[in-house]
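S.K.: The residues making up each chain are set out below.
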Amino acid sequence: MSAAPPPLVTVTENGLYCPAGRFHIDPWRPVETAVITHAHGDHLRQGGTRYLLAEPGLAIASHRLGADHQPTPVKYGEQLQLGATTISLHPAGHILGSAQLRIEHEGQVWVVSGDYKRQPDPTCAPFEPLTCDVFISEATFALPVYQWQPTGEVIEEIFHWWRANRERGLASVLFCYALGKAQRVLAELRAFTDETVYLHGAVNVLTDVYRQQDIEMLPTMPVTGEKKTDYRGALIIAPPSAAGTPWMRRFGDHSSGFCSGWMRVRGNRRRRGYDRGFVLSDHVDWPGLIDTFKSTGASKILLTHGYSDALARYMNELGLSAGALQTAYGDEEQQ
Amino acid sequence: MRTFAALYEELDTTQSTNLKVAAMSRYFREAPPADAAWATYILSGRRLKRFIGPALLKRWLIDEAALPEWLIDESYNSVGDLAETIALLTAGTAHGEAGTDDIALADWIEDRLLPLREAEEDVQRQTITGWWRELPYRQCFLLNKLLTGELRVGVSQLLVTRALADVTGIERTELAGRLMGDWQPGALFWQALHAAESPRTDPAVPYPFFLASPLEGEPGQLGDRDAWQAEWKWDGIRGQLIRRASECHLWSRGEERITDRFPEIVDAAGTLPDGVVLDGEVVAWKDGRIQPFALLQQRIGRKKLTAAILATVPVQFLAYDLLEFNGEDLRAAPLRERRAHLEKLLTNASPILQVSPLVTAPSWEELALARADSRQRNVEGLMLKALDSSYGTGRQRGAWWKWKIEPHSFDAVMIYAQPGQGRRSNLYTDYTFGVWRDRELVPVAKAYSGLSNPEVEQLDRWIRAHTVEKFGPVRSVEPSQVFELAYEGIAASGRHKSGIALRFPRILRWRTDKPASEADTLANLQAVLTPAPDAPANIR
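Quick mapping for you: the protein sequence lines, in order, are chains A and B.
For the first sequence, the tail end lands on 335 under the working numbering, and the numbers increase by one without skipping.
For the second sequence, the tail end lands on 1540 under the working numbering, and the numbers increase by one without skipping.
Pulled out of the complex, with its shape left as it was, chain A reads as follows (with noise of 0.2 Å):
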């Protein structure tokens, strides 16, 4: 029996490395080479020499990163050489820009998703099924209790919310995350309106990149301190670290709803005091957890955060091989 190969992806505490091809995957310490599969925080981190990432997610990384770094932008599908690997971005259906990693490498064929979803996605190329030996993966929803409705069904409530608010003399104030959530929102609420949206600052930035790179949504409009402007009966989306703030006061009586997975469980919803919780999220379900393992053909399967443990128990129950790796990545739905 010859010797297993050796692992293609590890966990140094730096972060994930790939020692054939002298690189980091989304490292959360500073590293001289990172192939980055998408901008939110936990995956982009400042600090490093060299990032290289997928094309249409060029400018919200540039954003991030300030005028100090010039991340070096790689088409879709474009095959690379880093040290003695092969490399090339797909399409992981996350947020804008998103991708998964292949690693070629002695025959071997390694894919790291990032953060990854099956649903279709106005803002962002969909998902790519790729074949390979090992699939790293997320967890983040990892439990059989989160599965995802149709996600037009969630826009018409959140749109139906909206207008019932309004008949009450009411703001609607929706909190979604401020980079991927609110611009998905923006987009999908056109099949029901072309009314204009107020945004917080923290969205409208990258509301503004995501328009720049012709993604359509509605029109918005920045919430600003200056004229009084009467709130009643309008849409605000507003990042979820403004709820409690004193920012919220401009809204008068207003109804709050958040969008995440998380607000599949009710107590979840609860426990933040919201009054809905919309269930959309960027993040892959238990079923497409499940049909996507299978469609790669991996016979492992590595898990990088979440309920990464269980998964990892019931895909062995299964009969594919699955592990967890200790990672920093977090949760942006969370917040």
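Derived by calculation from the structure, the hints in this document are not laboratory data.
Just so you know, not all the hints are guaranteed correct.
Unchecked claim - DEER-style ranges, computed between Cβ atoms:
| no. | chain 1 | residue 1 | chain 2 | residue 2 | range |
| --- | --- | --- | --- | --- | --- |
| 1 | B | Arg1302 | A | Trp28 | 31 to 39 Å |
| 2 | A | Arg166 | B | Glu1337 | 49 to 57 Å |
| 3 | A | Gly169 | B | Gln1126 | 46 to 54 Å |
| 4 | B | Arg1026 | A | Gly323 | 52 to 60 Å |
| 5 | A | Gly225 | B | Ala1523 | 25 to 33 Å |
| 6 | A | Glu32 | B | Thr1512 | 43 to 51 Å |
| 7 | A | Pro30 | B | Ala1055 | 49 to 57 Å |
| 8 | B | Glu1216 | A | Val11 | 46 to 54 Å |
| 9 | B | Gln1184 | A | Gly225 | 54 to 62 Å |
Cβ atoms here follow ideal geometry from the backbone N, Cα and C, with glycine treated the same way.
Using the hints provided, position chain B relative to the given structure of chain A.
M.R.: Frame of chain A, contents of chain B only:
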């Protein structure tokens, strides 16, 4: 049930009590009378007598969902509610309810659920799992809620009464009375609820309890000491003792009949004249003093009251109010009159029935001194009641205050966990707890001991399923689990983020009944540092 499920959804998705009352009023107006009666029954916190245990439901769920038991457990631990877990795992993802049959709530309960009680387990199983598969998500969730217990939708009996008053035009106090005791939901009850004259015929029906509000700050703000009556705040079971039609009934504040639990009190009440209702406290009493609540609890927990337990935990009823005398409702009379009647009535009563004594300290300052003795007396502090107040309904502020002693224990939220040492190294047993400062949880204590082994194991599973972040061996967890912590001393500390250091903190119990929002604030703990101006320096 579709309409009722929609009401549930409406109640569940707003924090505004006005909107909740409006939603209930609308439902009560539009629903068939029997449905309205059942909705009243369920929303005011009553439950169907359980006929299928959670273990059985879980067993069926394992088969229905075709998932291993441990994964069902993991899911349940993450969701925290069996009814919801079942709905999430069986009802699919479509929330659209349009087009589904709307079978009346009363028909659901009377024709479908209640008859299942008598059915064979196999029939129960086939019927219920069939519903799981058929019903859209919301109705499936609601059905499971009805099967497993209370709805817990943030509606109090007071709010239900407000909506009913809105719909029937009858006064709230009167309605609260009509909702007391045992009643059979149905169209007849709904009509009786609307009747102009009180339909009270059952001699066992208690009055709604009047509840005190916590006193914040000093009692001086209440005005003249002479206008107030002070009593000890007993740590027992609040009860209403009814002597009518030659029968005796004892009700707890939760409107539970506890007559059978305290035969000696009921016997003693037999010596009272007919047409008397007392409000008071059932306490464990030995050697002339009240015993800790834990002792009373031993007795409540027993299925069967043996002679031995009656002897180990003797009880007394400490009466503090007289609500009915000679069959006449005294609640509108001022407290000073009711109290005088009460004292006269119980002068020669059995020693089991005692009047809760007054604390006579003539000034607020002296009263504060007396309160400082609370711990030695096994009481929770003082009750302050306005002498000219009538006996109200529910928690109406202003007339009754509870002035509790500062805690040597407090409720904190678990924020971090890490594995223990030695044989506990595979378990998360070392916890860090926080209390609220504004919307932030500030760490105040680390504690390692106080939980039972099964609790530690349960908590370990919970921690693994609710980790937010891992820092080396330390996990930050979802801030949702509340624990009561005790400590020996408290001191100001510049080295701690919280500004206080606690001596020997330990876990008293896991408060699964409390949401994190109800944990203590840092201000509460800091208040213990500086004695109140009128309190003696030696209390702590």
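S.K.: Take the hints in turn and mark each one as holding or not.
M.R.: To see whether the hints hold, each was checked on the structure:
At about 56 Å, the CB distance of arginine 1302 of chain B to tryptophan 28 of chain A disagrees with the hint of 31 to 39 Å. Take arginine 166 of chain A and glutamate 1337 of chain B: their Cβ atoms lie about 55 Å apart, and the range 49 to 57 Å holds. Our hint of 46 to 54 Å for glycine 169 of chain A and glutamine 1126 of chain B holds, since their Cβ atoms are close to 49 Å apart. A hinted range of 52 to 60 Å holds for the C-beta pair arginine 1026 of chain B and glycine 323 of chain A, which are about 54 Å apart.
In this structure, glycine 225 of chain A and alanine 1523 of chain B meet the distance hint of 25 to 33 Å, their C-beta atoms being roughly 31 Å apart. The hint said 43 to 51 Å for the Cβ distance between glutamate 32 of chain A and threonine 1512 of chain B, and at roughly 50 Å that hint holds. As the Cβ distance of proline 30 of chain A to alanine 1055 of chain B is approximately 53 Å, the hint placing it in 49 to 57 Å holds. Restraint check, glutamate 1216 of chain B to valine 11 of chain A: a C-beta distance of roughly 52 Å satisfies the suggested window 46 to 54 Å.
Hint check: glutamine 1184 of chain B to glycine 225 of chain A, Cβ distance near 59 Å, so the stated range 54 to 62 Å holds.
When held up to the earlier numbered hints, the structure conflicts with hint 1 and nothing else.
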